[in-house]
Every structure is written in C-alpha cells, then in structure tokens.
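Heads up: the protein sequence lines correspond to chains A and B, in order. FYI, the numbering used here numbers position 1 of the first sequence as 1, with every residue one higher than the one before it. FYI, the numbering used here numbers position 24 of the second sequence as 1024, with every residue one higher than the one before it.
Keep in mind that the hints were calculated from the coordinates and are not lab data. Quick caveat, the model's predicted, so the values are computed rather than measured. Hints may contain errors.
Keeping only pairs whose Cα atoms sit at most 30 Å apart, straight-line, the calculated DSBU-like set for lysine-lysine is [stated by the list, open to error]:
#	chain 1	residue 1	chain 2	residue 2
1	B	1068	B	1024
2	A	2	A	42
3	A	42	B	1078
4	B	1068	A	2
5	B	1078	A	2
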Amino acid sequence: QKEVEQNSGPLSVPEGAIASLNCTYSDRGSQSFFWYRQYSGKSPELIMFIYSNGDKEDGRFTAQLNKASQYVSLLIRDSQPSDSATYLCAVNFGLTGGGNKLTFGTGTQLKVEL
Amino acid sequence: DAGVIQSPRHEVTEMGQEVTLRCKPISGHNSLFWYRQTMMRGLELLIYFNNNVPIDDSGMPEDRFSAKMPNASFSTLKIQPSEPRDSAVYFCASSLERGVPNEQFFGPGTRLTVL
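Can you build the whole structure from these sequences, using the hints too?
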C-alpha cells in the first residue's frame, strides 16, 4: 500500500524563525510531490509542488526533494503567525499508483508564536 | 472565475437517511476528486473521475457510497443509508490534467453530521 507519513506535531516555532516540515513516502517510483496548507475550518490550498531532486524556492517557501531517501520537506523562512496552519504533504505514485490521484499525509500542525 | 462549488455546506441528518452531496468543478477542468476528511484518518480519496469517467473508486468505503458525474460540470456523492461514522467533511476538488498530475483546487467542503 502506498503511504505518506508526516509527524502530526504541533511544531512550534518563534516568529521570524525557519520552520521545517518533513514527509516520507513509501514508493520509489513516485513522480510528483505537493505541499498544501489548510487553515482550521478551511479547504486545502496548494503551496508548492516539486518533481525533480533538489530544491525549489518560491518566496519564503522552499521545497526539498530527495528521491533516493524518499523524503520531501518544506522550509518556511521568516515564519509569520499567519503561517500557523496544518501542512499536508501529497504524493502522486505514478501510473502504478493510480494515475493522477494524490495520496495525502495526515498533516503537520504548525504554530508560529509571537 | 468561480472556484469549485459544493452544496450544501452543512448537512445534519439522522442515521438511515439518504444524503446527497453536490459539486460543480472549475470550468474547463477534466478531473474531479471526492475526498473525506476526519481527525482520525486525515484526507482520504474516495473516488476520482477523468473526463466524466470513474477511474479509481478503491477508496469508496462500502456499497452505501456511490458517486456519479453525468456531465463535465456536475458530480454527486450519495450515501444511502447514512451512519454516524460517516460524519466528516467531504471535499470535492478539480484539476486540469495534461499527462502529469496538476494542482487540485478544493471546494469549501460539506460538513456532514449523522446523528
């Protein structure tokens, strides 16, 4: 069974610090990786996606992918209280894993403290 | 442009009743996904459609659940009969697939409570 694992948290960081969110997945054949943010009572919204090994930066967010280690992470620089939310890692396991569907982790709750 | 539209936003029903959830995807999107989210199990994919055709329904929990997509702009998820353990938030999402998985846009969700 294809699985995506995340630490549920909460992860608490002070305002201005770097928040590091981690995700592991079970299938080496996985093709694409997504980070969604979900505020309490709201629907998930896409933060970043990454397909290739290495880093991908977008503003204060950096996604890191290491396919050999089956590991993907999200770094949030200069964390703000508005970043407090649950972050969901999602993986597409490719054609053998069901086509275009995504498998989501259970999410990591991030709290940015003043 | 309007995002994914779901109705109703909240539904409270009694055990044994039929529940129908509705979804209108973003115009032009060709993939539609139904998810269920609970505290215990997180966000689970129930079924997804590509070009109105069900592709993967392996996440549908049992025969009490059924989903249809009669056209590109409308889908329903039906639970009959409903049970208290079906209480959850149900999300519909849509995307435009061009051979690689693309961003899924989520609707606001339907919060279902079965008493």
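Results for each hint:
1. B:1068 x B:1024: Holds - the C-alpha atoms of residue 1024 of chain B and residue 1068 of chain B are around 12 Å apart, at most 30 Å.
2. A:2 x A:42: 26 Å, holds
3. A:42 x B:1078: 22 Å, holds
4. B:1068 x A:2: Given that 30 Å is the threshold and the Cα spacing comes to 26 Å, the pair holds.
5. B:1078 x A:2: 27 Å, holds
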